[in-house]
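Residue numbers (the numbering used here): 1 to 193.
No lab work stands behind these hints, which were simulated from the structure alone.
The structure presented is a predicted model; accordingly, all values stated were derived computationally and were not measured.
Ideal placement from N, C-alpha and C gives every residue a C-beta, glycine not left out.
Watch out, some of these pointers could steer you wrong.
Derived CB-CB ranges, DEER-like [to be verified]: (1) E181 <-> S27: 40 to 48 angstroms; (2) D59 <-> E114: 19 to 27 angstroms; (3) D141 <-> A51: 17 to 25 angstroms.
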Amino acid sequence: MEADKIKDSIKRAAQDLFRKFGYHKTSVNEIAKKAKIAKATIYKYFESKEAILHSLLMDYIRVSVDDLIHLNTPEKSEEEHLTNLIMKTCRLSYTVCNEFIGWEFIRESANSQEFLKNLSNELEDLLVLSFTQLTGMRKHDTFQQRLRFLIKSSKSIVFSFAFTSVSDADVRKNFVSFQKEILPYLVKAALIV
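From just these sequences and the hints, can you work out the full model?
Below, the structure is given as structure tokens:
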């Protein structure tokens, strides 16, 4: 097998197991068994289970952000466009945590919280770069600082209610409140000339 095929096989197996059992309950042995390779082979390509997860999530996020940025939607204004992108990004962040890692593990593990913080910072950098590369989006430093503030604020709010919500219904209710009551003010502040 070529190196790329082996890495893809490891990531596919890990993704299936993470989604089915959660990150915390999946072992490297199980990933190796599902990928039909030796456990030592996994460590040849990934230094840890966390590195596999990081690779999976960054692949997922890159594709999702690219889809979000380049999706042709008939927004009426820069404000509406930015609002839609932030909401889609918040949903993406929630999906990553919900489907790949599992909230129980995130709430209980300091390591997973640090991992999420680093991942979130990478997502932020990717979004700022992607937003500023859009045709028609402002490219000056002040706008990039405001955009970064908008993304950081949105991330913090979304993660805070995701961590504190008891059920998916609570999360949905909080998303709606965020979208209607908080996000419009954050977007307006980011777009002030």
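Structure-based check of all given hints:
Taking 40 to 48 angstroms as the suggested C-beta distance range, the pair E181 and S27 conforms, at roughly 43 angstroms. The beta-carbon spacing between D59 and E114, approximately 21 angstroms, falls within the hinted interval of 19 to 27 angstroms. For the pair D141 and A51, the supplied restraint of 17 to 25 angstroms is violated, since their beta-carbon distance comes to about 34 angstroms.
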